[in-house]
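S.K.: Using the sequences and the accompanying hints, generate a full structural model.
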Amino acid sequence: MNKCDFLVELWTEDLPVPVQEEGALKIESALTDFFKRQKISFSESKHFSSPRRLAVVVFNVDKFSKPEETVVKGPPASLSFVENGQPSAALKGFVKKYAGDLADVRVRSTDKGEYVFLEMRKPRRDTEDIIRSNIAEVLYSVKFEKTMRWAKYSFPRPVRNLVVMFGRKSLRISCFGINSSRMSRGFIAENIKITSPAEYETNLKRKRILADKLNRKDTLLKELQGAVRKPYKIEIEKMENLVDETVGTCEHPRALACDFNEKYLDIPAEFLESTLVSNQKCFPVVDAQGNLADKFVLVIDGDSSNAKSVKANYRRCVEARFEDTAFFWASDRKKALTDYYDDLKLINCQGKFKNLYEKAERVGKDAVKIAREYAPDEEKKISLIAKLLYCDIPTKMVAEFPDMHGIAGQYLAEGTLLDKGDKTLREAVTLFNLTRASSVCGLSDRLNTLKSFFSSGISPTTSKDPYGLKKTADEVLKIAVSSDIYFDLRKLFLLVFDDVSAEVSQNILIFLKDRFSVYLEKAHIGKDVAAMAIDKYEVPKKCLAIADALHEYRGEDPESFGRIVQTAKRADNILKQARAKGIKKAAVKEELFYENEEKNLFKELCGTKDAVYEKLSKNDYSGALKDLGGLKKPLDAFFEKVMIMAKDENIRDNRLALVGEVSVLFSAFGKFSQILGTSSACEAAQTDKKSKMQ
Amino acid sequence: MKNLQEIILKLSSYWADAGCLVAQPYDVEKGAGTFNPMTFLKIFTKGVWRAAYVEPSRRPQDGRYGENPFRLYKHLQFQVIMKPAPEDSRLLYLKSLSTLGIDLKKHDIRFLEDNWESPSLGAWGRGWEVRCDGLEITQFTYFQQAGGLDLPDVPVELTYGLERIAMFFAGKKSVYDVDWSDNVKYGAVRREEERQFSRYYFELVPKDELLEICEFYGREIDKLINAKLSLPAYDCLLNFSHLFNVVDARGGLDHTSRTAMIKRMKNYANSIAKLYIEQTQAGNETQ
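Heads up: the protein sequence lines correspond to chains A and B, in order. Number 680 in this note's numbering belongs to position 565 of the first sequence; there are no gaps in the numbering. Number 251 in this note's numbering belongs to position 254 of the second sequence; there are no gaps in the numbering.
Careful: at least some of the hints might be erroneous.
Unchecked claim - Restraint ranges, calculated between C-beta atoms of paired labels, are given here: (1) B:251 - A:599: 39 to 45 Å; (2) B:251 - A:738: 55 to 61 Å; (3) A:577 - B:168: 50 to 56 Å; (4) B:179 - A:536: 54 to 60 Å; (5) A:599 - B:256: 51 to 57 Å; (6) A:738 - B:116: 34 to 40 Å; (7) A:577 - B:10: 54 to 60 Å; (8) A:469 - B:179: 57 to 63 Å; (9) A:320 - B:84: 25 to 31 Å; (10) A:491 - B:210: 55 to 61 Å; (11) B:14 - A:356: 20 to 26 Å; (12) B:116 - A:419: 46 to 52 Å; (13) B:210 - A:419: 53 to 59 Å; (14) B:228 - A:317: 34 to 40 Å.
Quick caveat, the hints were computed from the structure, so don't treat them as lab data. In this text, a Cβ means the ideal position worked out from N, Cα and C, and glycines have one as well.
M.R.: What follows is the structure, encoded as structure tokens:
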């Protein structure tokens, strides 16, 4: 057997969850790159990550590196030797430059005469030796963004044990101040013997350690499912973050169901859930109707032989937290939501507004202006809610659980300001299930935040965004695309930004456009379609719909899509050339058409134009695009048969005018010039599919 | 079943065996055991330093008039500081839990990422909050900086929440029902104090006057640094910091002045640390 498996395991103090997988991957690629550089062959590799270990197994590693041969051409033989065949200064210099040996110098004849060649052979080397002398450097080369120092070393958390094995043999290496061995460790640093790299996973499994993250996640999900009986369940799809966090804080998850005193169910469910999830890292349980039940599921690391007492301890923690939540809530509810309005004066703001009170006043006014334009029937409600969006910020509940902003306000408003079940206030903050009223309030809030910072000269850069303005801009766009209303950014700006300079307003518009480009690029519609559609960003909802329609069209009928694109580009090129020649734009005169093809195109264009604009006005973008596709035939015939650059200037200008009208119609969908050629378009569509699948 | 004083005794003797000096609480009000000069100043000395002590820690904002079973304006921390951090810090800590009678195999012990920071001391570290069956019982930190200075010998700080641990052992839902000793309850020792101080801090604190006293301490710190008296200057900083916490609990500070005061304390901490290092490394302090 000339091949062996190779194992490195770093046992660390508990690693932050985000660096576990990242660290294992980095070590894996550092090691495989290293083997490749050293010409050591292997079949594949696998990484393991857990709170306390980062490990990589490389399979079927050759016991020897490949011998290497390097040949370098040197000076002509005539210049290389002096009397008695002694090497000349030129030859010595050449050999030195390549760190070679005079013994490896050969004279070979070439077409240009005899030359000296340095023929260096690196013999095969022991993989084991190479590993021994290099692996520490490889491990030190792995870099992280957030590290800590201890002793002389640095890593995300201290490394305390090291296993390095090649086949069944453990290799002695010194790294991070540790001598490696075949002994891994368990939770309390107890030894776990590793018999071979291939058996690494099973050796650990026998000690109830699941080193493979995916395996651990599967186990956790099964445990969670099995922990509660029907009709009760955990809404696992909402718990993705907690699942990932839990997978990163234990090596052997076991789920246990536990009750809590039902009296706490009088507290709004969101508060209890927030306490359970953010504070106690436990999974809330709901009944058949989806209402929070007086139960939760906790996950422990390791053995559940002492389940009864562990559960009792968890229950006491959870109930003590609920007790605190009840205290906050009871004291917050002593006042009505509107009673907190004056307290906003005490909360200072960064940027244009002195305090939250000033901002709230403005948000209220702007929301009414937006409402009059876009949702006049909701004006009354909007004027009531918009300025109260921040009123829950001074409450104890929100101070303790910032996530509850909007939700706490909602509960304080319900039954007094708002009808029970009316979630306008909360939606305006959280942007879930946006209604017309909540979109208007939410927009007024976000636009004023952008205004406040930009007008005080604070705008984000690529790397620095301390006030989270990218998120704010993304929220503006989220509202604009997910609301029923087709908000027009320019119109909104006129309403909301009447108290800032045109320059500030323009900067914000450009910022929103840039963010929207990022959004479109991530929407899996192909980068070129995104680049084409962004031209229509001013009404983001419309822009997105056009982009979707284009993408859909390309997917369904790539051939005609490609032809439309070609035609559009052709029209643009003709116009560009004409402009370059200084030909001025004219209006189409029907009487100047001579050829059948141009007459026909004009007729078709008139009909199609009406149909396209009609469909666009009804937001039927796919339909409009299909109508546009109908122009393909008359356009092809026109371009084929009609000589546009006719000698008679009037005829020429009239034909150019016709092409101009075609181009205007096409531009209703953005810039077709951004679409890649047919073959690259297919590629773009395919890579896009791939990224979608990932 | 362990009561509070047994826990303190066990931890003290365990850490004494591990080479720690069993020190005393420092008699100036403070928000955390880190502020005791046994930690904040001693970590700037050269060589090995290990100490353990109980520190009453006051956080006026957490006052609940003695009504909440869980939160206290003043709680007891058991603080361990070891510089440089021993290689087996984690194991030493886990064994201390075993010593207290927590069977590590039978309870769910978890280390959750929590990077401790004390902006007013210019100190931060990397570490965890340690939970036992869901209850946060210890803050475990490898200091990286203090007084805004890099620490060449990285220390480890362990802060046990004594009331929490006592509650865990007693299986009590309220801290006031915990046994301090076999015949004295925690509530009997402390409840009235929680009631009265919550009232004082939330309702009666004269915030403007306290801010003036802060200014007085600020001037003293400048004066004492000039006079090269790092220890009295540090006492003034402790007073400044406590009064700041009191005023802050009263909601008496807007964002800007709050940030400005924290920055001031950080600068004081930096100057004091530098002066202290200068003095100890010149060998002026009796070790």
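S.K.: Against the structure, test the hints numbered earlier, and report the numbers of the ones violated in rising order.
M.R.: 5, 6, 11, 12 and 14
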